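Listed in order, the protein sequences are those of chains L and E. Take the first sequence: its letter number 404 is residue 404 in my numbering, and every next letter is one higher. Take the second sequence: its letter number 159 is residue 159 in my numbering, and every next letter is one higher.
To be clear, the hints were calculated from the coordinates, so they are not data collected in a lab. Bear in mind that the values here come from a model prediction, so they are computed numbers and not experimental data. You may find that some hints are simply not true.
Said to hold, decoys possible - Facing chain E, a subset of chain L residues (Cβ under 10 angstroms, in silico):
#1 S66
#2 G70
#3 G96
#4 L141
#5 R159
#6 I163
#7 R675
Said to hold, decoys possible - In silico lysine to aspartate or glutamate, DMTMM-like type, Cα no more than 25 angstroms apart, as pairs:
#8 K37(L) / E438(E)
#9 K97(L) / D286(E)
#10 K97(L) / E438(E)
Using N, Cα and C, we set each Cβ at its ideal position, and we do this for glycine too.
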Amino acid sequence: MIEVASTSDSREYSEIEKYLYYPETEERRLYNVGFLKIIAVALVLASVVGVFAAARYSPIPVVRISDVQGNVLMNYATFYVEGVVVEPPRVDYSGGKLRITVTVNDNSTPVSLSVYAYDPLASEMIKARKIPFIGDRVRLLVQLRVREDYAYAYLQDLRGVEILERPGSGDGKVYVDSLDGIPEYSYVCAQGLVKSPRNVSSGLLFDVATSRDTVTVLIPTIISHVYGDDAAPVLSAISAGGVPVDVCGVVYYYRGTSPEIVVRELEDVNIGVVPVAETVSFGDLVFNTALYEGQTVRTQARFVGVYCEAFDDPCRLVFEDVEGQGITGDIMMPKALMATAIDPWSVGSGTVFNLAVNVINSTYMVAYAADPVEVAPPFETSSVEEALSQERGRIIVLRNVTVSSSSTTSGGSWRIYVSDPSGYNILVFVPSTVANSMGFEIPAKGTYISVAGYRHVYGSTDEIVVYTVNGVTVETAPPPPPPQPPAFIEIDIRSVPGYVGSNVSFTGLFYAIRYDSSQRIYYVEVRSSDEGFSVNVSMNRTQLISFLDPATVGWKSLIRINGTVKSDSLVEYVYGEVVELRNPLTVTVQEALAQPLGRPLVVLNATVVGSRVLSGNNWEINITDPTGAVITVFIPSSTVSDLGMSSPPSNGSLVKVAGYRDVYGGKQEIVVISRNGFVVLG
Amino acid sequence: MEALINPVEVLTWGLTGTFLGLLLSWIPGLHIFNLLVLVFALAPGFITSNIYALPYFALGAVVGFSFASSIASTYLSVSDESMMLMLFPSQRYLLAGRGHRAVLLYLIGALTGAVFLAVFMATIGVYAMPVIYNLFSPYYWFILLAIIVFMFMSEYPKEADHGRTPREKLWLAWRQVLGGVLVFFASGILGFIASYSGLLRIEAAYARLTPLFIGFFGFPWVLRNLISRRSIPRQDTRDVVETAPGAVVNGSASGIIGGGIAAFFPIITGGMGALVGGHMASSRGDDTFLISQGAARTVYYTGALFFLFHPTMRITRGSVAWLVGGVYTPKTWAEFYAGAAFIILAAAVSFVITLYLSKAVARLLTRISYVYISAATLVFLISLVYYLTGPVGLVLMLAATSVGFAAMVFNTRLSYCLGSLILPVLANTMGFAGFFLELLGLGG
Chain L
1 MIEVASTSDS REYSEIEKYL YYPETEERRL YNVGFLKIIA VALVLASVVG VFAAARYSPI
61 PVVRISDVQG NVLMNYATFY VEGVVVEPPR VDYSGGKLRI TVTVNDNSTP VSLSVYAYDP
121 LASEMIKARK IPFIGDRVRL LVQLRVREDY AYAYLQDLRG VEILERPGSG DGKVYVDSLD
181 GIPEYSYVCA QGLVKSPRNV SSGLLFDVAT SRDTVTVLIP TIISHVYGDD AAPVLSAISA
241 GGVPVDVCGV VYYYRGTSPE IVVRELEDVN IGVVPVAETV SFGDLVFNTA LYEGQTVRTQ
301 ARFVGVYCEA FDDPCRLVFE DVEGQGITGD IMMPKALMAT AIDPWSVGSG TVFNLAVNVI
361 NSTYMVAYAA DPVEVAPPFE TSSVEEALSQ ERGRIIVLRN VTVSSSSTTS GGSWRIYVSD
421 PSGYNILVFV PSTVANSMGF EIPAKGTYIS VAGYRHVYGS TDEIVVYTVN GVTVETAPPP
481 PPPQPPAFIE IDIRSVPGYV GSNVSFTGLF YAIRYDSSQR IYYVEVRSSD EGFSVNVSMN
541 RTQLISFLDP ATVGWKSLIR INGTVKSDSL VEYVYGEVVE LRNPLTVTVQ EALAQPLGRP
601 LVVLNATVVG SRVLSGNNWE INITDPTGAV ITVFIPSSTV SDLGMSSPPS NGSLVKVAGY
661 RDVYGGKQEI VVISRNGFVV LG
Chain E
1 MEALINPVEV LTWGLTGTFL GLLLSWIPGL HIFNLLVLVF ALAPGFITSN IYALPYFALG
61 AVVGFSFASS IASTYLSVSD ESMMLMLFPS QRYLLAGRGH RAVLLYLIGA LTGAVFLAVF
121 MATIGVYAMP VIYNLFSPYY WFILLAIIVF MFMSEYPKEA DHGRTPREKL WLAWRQVLGG
181 VLVFFASGIL GFIASYSGLL RIEAAYARLT PLFIGFFGFP WVLRNLISRR SIPRQDTRDV
241 VETAPGAVVN GSASGIIGGG IAAFFPIITG GMGALVGGHM ASSRGDDTFL ISQGAARTVY
301 YTGALFFLFH PTMRITRGSV AWLVGGVYTP KTWAEFYAGA AFIILAAAVS FVITLYLSKA
361 VARLLTRISY VYISAATLVF LISLVYYLTG PVGLVLMLAA TSVGFAAMVF NTRLSYCLGS
421 LILPVLANTM GFAGFFLELL GLGG
């Protein structure tokens, strides 16, 4: 009982006062609570200190995830969870606050536990670079929240984050060129060329074309948060694609099936690192590709042309040796690298490049880097007709032409038909991947534009494919008036030597075809009617096959040539026509072997007895017929791509061959130069 | 969208919860959360037998509790966290033999609050609440801090006139405020320890604050009664009240505002919300106060749980919502509207039953000594804490009792004991949790 202290001026209350103030109760006692306050404060301090001391020595348990999943009674429990981080840490904003999410699994249950760290703890973790990463074995002090169908936890304090073990720490770099069979959470590295960079919700995803395969790499968003401005140039370079990269990280199987390397630190990404490579000659590389399989080599080669469809990436480019031996080979080049290395406005076919090449296998090489050494300008013209006459694959600049019609495909690609006053028109195709970055709308009809790209034939449509974002420029000035076509002096073929330097027109017999590989030009022998006098008419392949396709225009057809006399026996073709068509000379294989070189002819119903694909995708097909003789049909790659066949016909196939007789390295051949020149009959 | 539950089950389970809440809520110092926790612990099979009905069971229990707890606060003078004033008008009514009228005033406010809550949430609240939530969610910590500062500042220095010297005047003026500061931080430390240490076994995590709350609010009341040995005068149990329509409106508005603030913002409790609401509505008069208390408590407890029913807002407020949400969260609008309708039904049932309970308790207390009831309550509370949290929980409870006792002795707000909740959350939100944990040597 507490001591009662009466006030010094206590008095008896009157009955009325009692009734008013305390009806039906006894008078209240007055307490002096001063002493009670001291007791209270002492009790508070003693009990809080005592509980605090007990708490300090009470260990916080490590709890299995399986014990807390779905257990509503464990809500708000504070405990340690120890396990492996099974996903890349995610960073996002929730409720206006920065949040880091770490997913942990301790193998007690298939379900992992999501652990969240909100700002300011999230920022502290980023600043201290104490972020549990995929593959890390961690011990985290968390407070649990149990919802109806899932449980999650919150990190409370930076001290509650312990990274017990991290894969790769202290180990040397292990390079892989494929992630097949690589265990999850392994720390590996890959080297190669960046391709297909794309932004995904968890960060920047890209592929690295290694020597054998493609490795997917993810730079998670958290890297940007941790490294700030330092990460920007790296991410920007990778986003552009086509750069060589050396990257390390932890293997993660996205959705359990798709392996990727997740970068852990910015220092694990090195851009522009071209591995040390042996220098080899281009001819050696082409003929002995198998020897260099899996390696990166350096070489020097002359750029010939681009031979790929508009959407192919990487693109097939044809190069040839610089020694003039006529050795050609295909090298794949990522579109991003192609756009930077081969600016179509300034770099044309014939440019010599120093190439760093990844030899994937004996038939597949990918350029890493391409540095021009001797730049040859692109073919430039303002004549659509000349553009049409250019060989497929060449880089071409077509200036000041008028848009005669333009449309955008459902996929976003541009199809622009351009023409000049001569009336010729050609299709300019801008794939959607380039059109979307052009920065302006598709030019409308009537607009004057200049285009730069490569010559291509899609199906039967001649086109110029634009592959750079600067490949189409809109001109403000009207195009210059077209040049007047030269006047051709009509002469007799025998008078040609007297008109050197003049434009002449004459008729003659279509006699033979020869090819000069060094000049990459065809010479058609045209003879006088009595076959006593001959001149050579030079023309390119397109001109030849559009005028004198051996499949349709027979030997000794009467033709008219309009051209410029270059020398006593050489005329440069401008245009021509068939005056009197003769059927192609149809022979047996045995007869073909007896034909002189250059003779255009046709072999019907021959049987394929063997074939092989040479480097540069040239085909060699041996054919025979009931005569039993065998002859080789040579189809250069430029014609192969027109045939629409992915591989030579199988043995036993019945074919029709139209071309001209030739010999190469002692081997008797029929050279096919047009797509009508090789037809599979059955 | 098809409801996952049929009306019969809503009524059955809901009314079961209502009766349970009404039956047990007169026990002083006992929060409805503790009652539900007891049900979870003792009859888990009952809880999981129909998880879709569990939210309605809890809703009924909460409504019943918010009505019937007026009996404890009036007749048994318990001052839990939602009663923020030291001299309760209900106590004055009780001592004047008009305790039943205090209960009736409270019930008027409670019914008004329940109806408003149901109608508002089912109409404007469907659209307004998600917007309000998104607006305020980045600023919770700021609002919480402002309310705490307001609580301290509103307890302006008093008793200075009683001092004889300037120093004594200064001390007397600030004594109460300092007492409040001591209570707030002491309870905050206990809250950190209960939440972040390994003192309590983790299987009792859901009831980690039960020993503290019983120690803060229930135990000091029991001890005070045992010491003071008060007796209750005869009570007038006629169903009459002395008030005015204006007072009903003012009190209801004040309570609804305060209860709404408490329900919506995390950690802010009914008492803190009612403090703000009372100042906003400028309430005057005991009847207005009692009505506002009824409205505030009902809107606070019921509203906090009812947010769980909102399909697009999905916020979890209050320990009851966390408990229920861990088993099943209502997902459909049908469940939401069924809940709104049931609130009104439960409120009506609770109103009538509480009225009769009040009369019964009034008659009982004039016959049975307060001391016996207090002693029985003491045994019950100790048993509850021991069952849920073990002997360590008892130790925590005693530590919390000393803090609650200090609040009583210093004549300061018992709601400062909510520092056990507020301080850890505020520290976490503002980024000082690590500092406090390191200071206390916890969490690492």
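Now for the hints, and whether the structure bears them out:
1. With 10 angstroms as the threshold, the beta carbon of S66(L) stays out of range of chain E, its nearest partner Cβ sitting at about 14 angstroms, so the hint is violated.
2. Here the hint on G70(L) is kept, as its CB sits about 8 angstroms from the closest CB of chain E, short of 10 angstroms.
3. Taking 10 angstroms as the C-beta contact cut-off toward chain E, the hint placing G96(L) at the interface holds, the least distance being around 4 angstroms.
4. Interface hint at L141(L): satisfied, since its Cβ lies 6 angstroms from the closest Cβ of chain E, which is below the 10 angstroms cut-off.
5. The beta carbon of R159(L) is positioned within 10 angstroms of a beta carbon in chain E (closest approach about 3 angstroms), and the interface hint is therefore held.
6. For the restraint placing I163(L) at the interface with chain E, the shortest Cβ-Cβ distance is roughly 14 angstroms, beyond the 10 angstroms limit, so the hint is violated.
7. Violation of the interface hint for R675(L) is found here, the shortest Cβ-Cβ separation to chain E being roughly 63 angstroms, above the 10 angstroms cut-off.
8. Distance hint between K37(L) and E438(E) is unfulfilled; the C-alpha atoms sit about 31 angstroms from each other, more than 25 angstroms.
9. With a CA separation close to 44 angstroms, the supplied pair K97(L) and D286(E) exceeds the 25 angstroms bound.
10. With a CA separation close to 23 angstroms, the supplied pair K97(L) and E438(E) stays within the 25 angstroms bound.
Violated hints, in rising order: 1, 6, 7, 8 and 9; the structure is consistent with all others.
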